[in-house]
Every structure is written in structure tokens, then in C-alpha cells.
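Engineer: Chain order of the listed sequences is A and B. When the letters of the first sequence are read in order and numbered with the working numbering, they come out as residues 1 to 213. When the letters of the second sequence are read in order and numbered with the working numbering, they come out as residues 214 to 458.
Keep in mind the hints are simulated off the structure, nothing from the lab. C-beta: ideal position from N, C-alpha, C; glycine also. Among the hints, erroneous ones may be present.
To be verified - Cross-link-like lysine to aspartate or glutamate pairs, in silico, EDC-like; alpha carbons within 20 Å at most:
id: 1; chain 1: A; residue 1: K90; chain 2: B; residue 2: E227
id: 2; chain 1: B; residue 1: K437; chain 2: B; residue 2: E415
id: 3; chain 1: B; residue 1: K437; chain 2: B; residue 2: E455
id: 4; chain 1: A; residue 1: K90; chain 2: B; residue 2: E415
As the list claims (entries may be wrong) - Derived coverage of chain B by chain A (criterion: at least 3 residues anywhere in the stretch with Cβ under 8 Å from a Cβ of chain A; other residues may be distant):
id: 5; segment: 251-265
id: 6; segment: 278-289
id: 7; segment: 316-324
id: 8; segment: 436-442
Given next are the chains, with one letter for each unit.
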Amino acid sequence: MIHVITAGNRSLYASELAQHHLIRHEIFVKERGWSALDRPDGRELDGYDTDETIYLLALDEGRVVGGHRLFPTTRPHMLSEVFPALVAQKVPSAPDVYEWSRFFIVRERRSGRTYLRLMAAVQQLCLEEGISSITAVIEMWWLPRFHEAGFVVHPLGLPQPVEGVATAAVMIEIREESLARVRQLGDLPASVLVRRGDSPPLVRRDGYRLPVQ
Amino acid sequence: MTGQSVDYGRGAFEFIERVCALRSATDVVRLFHEALGRFGYETFIITGLPNGGQRFEQLVLLKHWPAGWFDLYTREGYILDDPVAVQCRRTVEPFEWASAPYDPQRHPRSAEIMRRAADFGMTNGLCVPIHGFVGLEACVSAGGSDLDLSPQAKAAVHLMAIYACNRARQLLAPLAEPRKPLLTSREREVMTWTAMGKSAWEIGCILRISAPTVNKHVASAMHKLGAANKTHAVARAIERREVNI
Numbered sequence: 001m002i003h004v005i006t007a008g009n010r011s012l013y014a015s016e017l018a019q020h021h022l023i024r025h026e027i028f029v030k031e032r033g034w035s036a037l038d039r040p041d042g043r044e045l046d047g048y049d050t051d052e053t054i055y056l057l058a059l060d061e062g063r064v065v066g067g068h069r070l071f072p073t074t075r076p077h078m079l080s081e082v083f084p085a086l087v088a089q090k091v092p093s094a095p096d097v098y099e100w101s102r103f104f105i106v107r108e109r110r111s112g113r114t115y116l117r118l119m120a121a122v123q124q125l126c127l128e129e130g131i132s133s134i135t136a137v138i139e140m141w142w143l144p145r146f147h148e149a150g151f152v153v154h155p156l157g158l159p160q161p162v163e164g165v166a167t168a169a170v171m172i173e174i175r176e177e178s179l180a181r182v183r184q185l186g187d188l189p190a191s192v193l194v195r196r197g198d199s200p201p202l203v204r205r206d207g208y209r210l211p212v213q
Numbered sequence: 214m215t216g217q218s219v220d221y222g223r224g225a226f227e228f229i230e231r232v233c234a235l236r237s238a239t240d241v242v243r244l245f246h247e248a249l250g251r252f253g254y255e256t257f258i259i260t261g262l263p264n265g266g267q268r269f270e271q272l273v274l275l276k277h278w279p280a281g282w283f284d285l286y287t288r289e290g291y292i293l294d295d296p297v298a299v300q301c302r303r304t305v306e307p308f309e310w311a312s313a314p315y316d317p318q319r320h321p322r323s324a325e326i327m328r329r330a331a332d333f334g335m336t337n338g339l340c341v342p343i344h345g346f347v348g349l350e351a352c353v354s355a356g357g358s359d360l361d362l363s364p365q366a367k368a369a370v371h372l373m374a375i376y377a378c379n380r381a382r383q384l385l386a387p388l389a390e391p392r393k394p395l396l397t398s399r400e401r402e403v404m405t406w407t408a409m410g411k412s413a414w415e416i417g418c419i420l421r422i423s424a425p426t427v428n429k430h431v432a433s434a435m436h437k438l439g440a441a442n443k444t445h446a447v448a449r450a451i452e453r454r455e456v457n458i
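Sequences and hints are given; from them, build the entire structure.
Structural biologist: In C-alpha cells, the structure reads:
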């Protein structure tokens with residue numbers, strides 16, 4: 001299951017969050033070679049790991065096996081600060097638009113359904129929280145995977161090479177149909193999310209009800 | 214960004230918007246061919262690559278190839294030695310045909326394929342591998358003789374190719390609707406106990422209903438599942454994942 005970690009329940013997940021920063025270092029710095037993210041303490045974290053960041057972590061008996069994060073686009077965020085050149089027109093910024101980043105899965109889970117669970121998780125969370133779309137910087141070879149998962153993806157600019165890999169800024173619509181498709185593809189349950197503790201809605205929490213199973 | 218790259222982008226975004234709204238594969242062929250034409254491409258194919266005993270011609274989704282070339286290509290089984298097809302399996306990044314490596318000494322057939330393609334006006338091209346969750350799913354390959362191979366033009370073709378392929382797949386192999394459960398929760402309950410070998414009388418005791426009521430639920434489930442008998446209904450319910458044991 002995918003755990004939702006916000007400012008409100010962060011204290012319940014201190015060790016999982018610490019673990020996730022080490023795994024991010026392992027994957028993004030060591031495996032992917034994003035040397036700009038290297039830090040001497042062996043953790044990968046940046047200016048978009050703040051109190052406002054929402055983490056979605058795939059946990060297996062306390063072990064972090066994958067995850068990603070969401071960050072408000074009303075704040076300076078990666079697309080506006082680091083990758084504005086990937087956007088042809090205006091960088092989207094609105095209370096109901098979040099930036100999605102740092103999608104990772106530990107090596108031994110990459111052939112399984114963890115991908116689909118994490119993709120369902122972002123759609124489900126955004127539906128429940130009133131987020132209408134998310135922006136992301138993606139490697140282009142992932143785009144057909146998003147299509148396969150039923151995600152509606154709009155390019156924000158032409159792809160450009162980043163560290164030798166064609167990369168593009170995109171906006172992904174949050175849709176019940178996309179969640180239904182990815183659930184069907186992965187044979188996933190109605191809810192893939194675990195929520196502990198209380199947290200205020202990110203935008204509003206009145207528009208979406210889980211389908212009955 | 215320069216004015217020119219803005220135009221490349223605009224053309225690609227317009228294409229994407231239009232291709233997503235098309236209702237037939239023929240329209241996708243026409244629009245994609247027209248869009249590629251602005252960069253000098255004259256031919257394209259959107260196809261799966263055969264594994265094991267699969268036949269190439271059955272994996273082709275859309276194509277705008279010279280008829281003679283498709284006949285020659287399939288008759289000669291070129292797909293097995295085509296350096297572009299071989300390279301497509303090795304990379305996730307788009308690549309120019311001219312960069313697909315082969316050794317003309319060791320693979321004279323590869324050299325022959327590239328030469329014959331040129332005879333049909335395809336001296337170079339761009340190939341975009343399409344990867345799904347289980348690996349390489351398809352490739353989009355466009356060719357011609359006088360191509361705009363500037364980085365922006367290639368980026369525009371890369372983007373358009375992925376959307377053309379996605380639309381082709383949606384139109385040619387429509388996704389199954391997510392399945393709605395056929396059975397009521399009571400019917401699922403009864404069928405689950407049935408699957409575990411319980412008799413109508415036993416299920417009645419467990420669920421605190423009468424045996425005839427149990428049988429009524431079984432009959433209703435059989436009817437909904439189009440099953441000939443109780444065993445058949447259990448098998449169908451498990452297959453549809455409405456009963457888990």
C-alpha cells in the first residue's frame with residue numbers, strides 16, 4: 001500500500017522518511033548519475049523537500065520500496081526554477097496544480113506492480129484532495145507508459161536532452177477514468193492509499209468518493 | 214527559445230490535439246503523414262517488432278510505405294536483419310537510421326536492406342522506440358530523402374510519433390471497459406462458500422438464511438454468469454475475480 005505523508009502526520013513516519021532520502025540518493029545519484037544532487041551526507045534532498053511537500057511512499061513492512069512527491073506550484077518549484085526552458089509558454093501555477101517528482105522504485109520491485117500502485121496513488125490522492133492536474137518533468141521514453149496507464153498527458157514544450165536523455169515538461173490531468181484504467185491494468189483494489197492521522201485538505205475534499213467494491 | 218523552435222513546438226502541439234480527436238486509423242495515417250511531410254519525411258510505419266514465431270505483417274498498426282517496399286520487406290523477411298529494427302530493441306532513445314550500427318562485411322543483408330530502402334526514396338529516417346511496462350511494445354519509424362534533422366525538428370517528430378502511436382493503439386485495440394461486478398454481495402458470499410465445498414444447507418447455517426434462499430442466490434449467479442451448472446458458475450466467478458478463494 002502507498003502511505004500519504006503530509007505535514008500533519010510526518011512525525012509518524014520519521015524513520016521511513018529518513019530511509020527514503022537514502023534510497024533516493026542510491027537511485028538518483030549513484031544509479032542514475034545525477035551528480036548535481038550529490039551531498040556528502042548520502043541523503044538526496046533539495047529545496048522542494050519542505051513542510052509543504054506531500055510524500056507518497058510504498059511501504060512493505062516498514063521498508064520503503066518506492067515513492068514520489070508532490071509540491072505546490074504556487075511556490076517556486078522545479079519547473080519554474082530549474083527547468084523553465086522546457087516550457088514553451090507559461091509555467092502552470094495554481095492552487096489546484098501540484099508538481100509531481102522523484103518517482104523511484106527500488107531495483108528488486110521494478111518488474112512488479114509497484115509501478116502501477118504508485119501511478120494509481122497519485123491519481124487517487126489528487127482526486128481525493130481536489131487537485132485537478134499535476135505538472136512533471138519526465139523522460140520521454142516514459143510517456144508511452146503513462147499512455148498505457150490511461151493518463152491524459154499534455155506536453156508543455158518540446159523534449160530536450162537532459163543528461164543525455166530526451167526529457168519533457170508535461171501536464172497530467174487528474175481523472176477518474178485514468179485511475180480506473182490503471183487499477184484495471186494492475187488489478188488493484190479500490191483504494192491503494194493508507195492515511196494515518198489528520199491533515200487538512202490540500203485544495204478541497206468534497207468532490208470524490210471511492211467506488212464501492 | 215528562437216522563433217523557429219516555437220513554430221516546431223506549436224506544430225507538434227497542434228498535431229497532438231488533433232490526433233487525439235481522430236475517430237479512425239485512416240485519419241491518423243493521413244494526418245501523421247501530412248505532419249511528417251513538413252520535415253521532409255515521405256514514409257512511416259507504426260509497428261510491433263516480432264518475437265519468437267510472430268509474423269511482422271500481423272504486428273503492423275499503421276503504415277504509409279511504398280507498396281513495393283512492403284511487399285519486398287515482408288517477402289524477404291527483412292525485419293530480422295534490418296539494422297533499424299535491431300537498434301530499436303537496444304535503446305529507449307530515438308535515433309537516426311544512419312546511426313543504426315551494422316557491419317557490412319558480417320551482415321551483408323543489413324547493407325542490402327539499407328540500399329534497397331534508399332532505392333525507394335528512404336535514404337535516412339528517424340526511429341522512435343515505444344516502451345510499455347513490459348518492455349519494447351512498438352516502434353515508429355519515418356523515412357525520406359531530404360529530412361530536417363535539426364534537434365528541434367527531431368524533438369517535434371519524437372513527440373508526435375508517441376501520440377500517433379498511442380492514438381493508433383486506442384483506435385485499433387480499444388481498451389476493455391473496466392469490468393463492473395455482475396454479482397450482488399450476497400451472491401458473491403454464497404458462491405465463495407460454494408467454491409469452498411459447502412452445501413446449500415451448510416451455507417444457510419453460516420449465513421443464517423434458509424437452504425432454498427441459498428439455492429435462489431446460486432441460481433441467480435448461474436444465470437448472470439451464463440453458467441450451465443453450479444461448478445461452471447464457480448469457475449466463471451473465480452475467473453472474473455468476483456470470488457476469491
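Engineer: Starting from the hint list further up, note which numbers the structure goes against and sort them upward.
Structural biologist: 2, 4, 5, 6, 7, 8
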